[in-house]
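**Student:** Below are the chains, spelled out letter by letter.
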Amino acid sequence: MNGWQALFYKEVLRFWKVGFQTVAAPVLTSVLYLVIFGHVLEDKVKVYDSVSYTAFLVPGLVMMSILQNAFANSSSSLIQSKIMGNLVFLLLTPLSHWSWFVAYVGSAVIRGLAVGLGVLLATIWFAKLSLVAPVWVIVFALMGAGILGALGLIAGLWAEKFDQLAAFQSFAIMPMTFLSGVFYSIHSLSPFWQTVSHLNPFFYMIDGFRYGFFGVSDVSPWLSLGIVSAALAMVSFVSVYLLKTGYKIRS
Amino acid sequence: MSAISFQSVSKIYPVKKGSTGQALHALNNVKFDIQEGEFFGLLGPNGAGKTTLISILAGLTRATSGSISVLGSDVQTDFAAARRKLGVVPQELVFDPFFNVREALRFQSGYFGVKNNDAWIDELLHSLGLTDKANANMRQLSGGMKRRMLVAQALVHKPPVIVLDEPTAGVDVELRQTLWQFIAKLNKQGSTVLLTTHYLEEAEALCNRIAMLKTGNVVALADTSELLKAASSNVFRFKIDSELPKQLADKARITGRIVQFPAHDALEIETYLSAVREAGLVAEDVEIRKADLEDVFLDVMTRGHSSGVQQAMGASV
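Chains as they are written, first to last, in the numbering used here: chain A, 1 to 251; chain B, 1001 to 1317.
Some hints here could point you the wrong way.
Cut-off 30 Å, straight-line C-alpha distance, at most; resulting in silico cross-link-like pairs (DSSO-like, lysine-lysine) [unchecked claim]:
#, chain 1, residue 1, chain 2, residue 2
1, A, Lys82, B, Lys1115
2, A, Lys244, B, Lys1214
3, A, Lys244, B, Lys1031
4, A, Lys248, A, Lys17
No lab work stands behind these hints, which were simulated from the structure alone.
Starting from the given sequences, assemble the full structure and let the hints guide the process.
**Tutor:** Right, here's the structure in full:
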């Protein structure tokens, strides 16, 4: 094993050992969302002509789970190691900042995809789902998980206490994922809120991901790809920079 | 080549915003070298800067000025090479609650790029008395076992330079012996050892050379034998039930009932004894013993440089 592979494997094993809490629980939450919102809104909301509301909801919930769990993985692992003090075992090693980045973000992507796949397998029975362009599905899933994994890395480095991290999660990550068009098409919003939604990078992740399933989306998938790529490049740059300078982990 | 070379290391912690305190000079121009194969002791009271110095050596903290190299590799500019040569046992009793003992050691090997390390891991577990805990979760280990696990984790990559920061705190006597036998064996096989400890008899027994730090400055640096030789020769020790008169108490080191005076000749001892008698007190269990490292340490810490120690420093620096 190379250094980064060892750290990557350790991070994957870390969440897998508590898989009931890190994978099964978020899958159940998403299924509940689907059952309740699907039941209440199925006949009342029409998003795209060819797509039922429940079917529309599935990819959104899958992507939301991917994003939230990728964030949770890197951020909670780092803050726990910082507070428990066992981060020192990593700080004493020759691992480069790139190794840290690849391992933490890579394992966050795995957790995100594991939960996303779980949600997909659990919800696919509730709706007739097409798969028009699987490549888009994979590309947006990977990039979305990567962005949130890197964001989690940044938040985990920045936070000194669990409540700071919880605040970041509750007041930034949750609103941005909920207001990204998981439960609705932004075309149903007033022009003002449509504009606001267009400023939310999470919207493009979900819209592009959904395009892969239905072949229809609120904006062009190429535009989404551009914005999501730029977001990924930006958060990656910031997290690699913070790791390189030892931000809050080396004094 | 020096195993560890401290080159004019200073560390200043700046004043925190909003506080009126002064900047803290944790280390002032610390410079000395530790040679390959040495068993070196770094001593000093709490807050002297020992852990800061070790943190800079380990790359956990950056020096304000100066540099440190490990077997020729600078700990900042060539950190990967330096850290491969260094095995650090941290002072805090930390562990990762997600894994068992063997998993933790395998991962730690992996971070250093060491593959198929099970034979060495088994040897470490055996030498540190942890074999039967190999599959136990880290949470199930006692404090002493966690401490030995820290030693095992520091040694997975067979580092030529071993740094132990207070490794025996909270470890019982028997296990302390096991630990020291193992470290002494590694030292005999060629590893360099840098040790900080509060147990001065351990330092005296194990270390061939010693540096003492006080408020960030090196105040003594000499062979252990030189330090002991240069110390105020003997200690006059007795037990007493009541309080000593003030002029006597000021010169003595008092631990509960035990009173100790530095003594150079018989006349001095007679003077102390008659003073005790005049005060109407009875000295029991009277003995005269050779000064040990604790006496040297206290002498250095209270007087800054003791004259004898300075001589010893001049002889061996």
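**Student:** Which hint numbers doesn't this structure obey?
**Tutor:** 2
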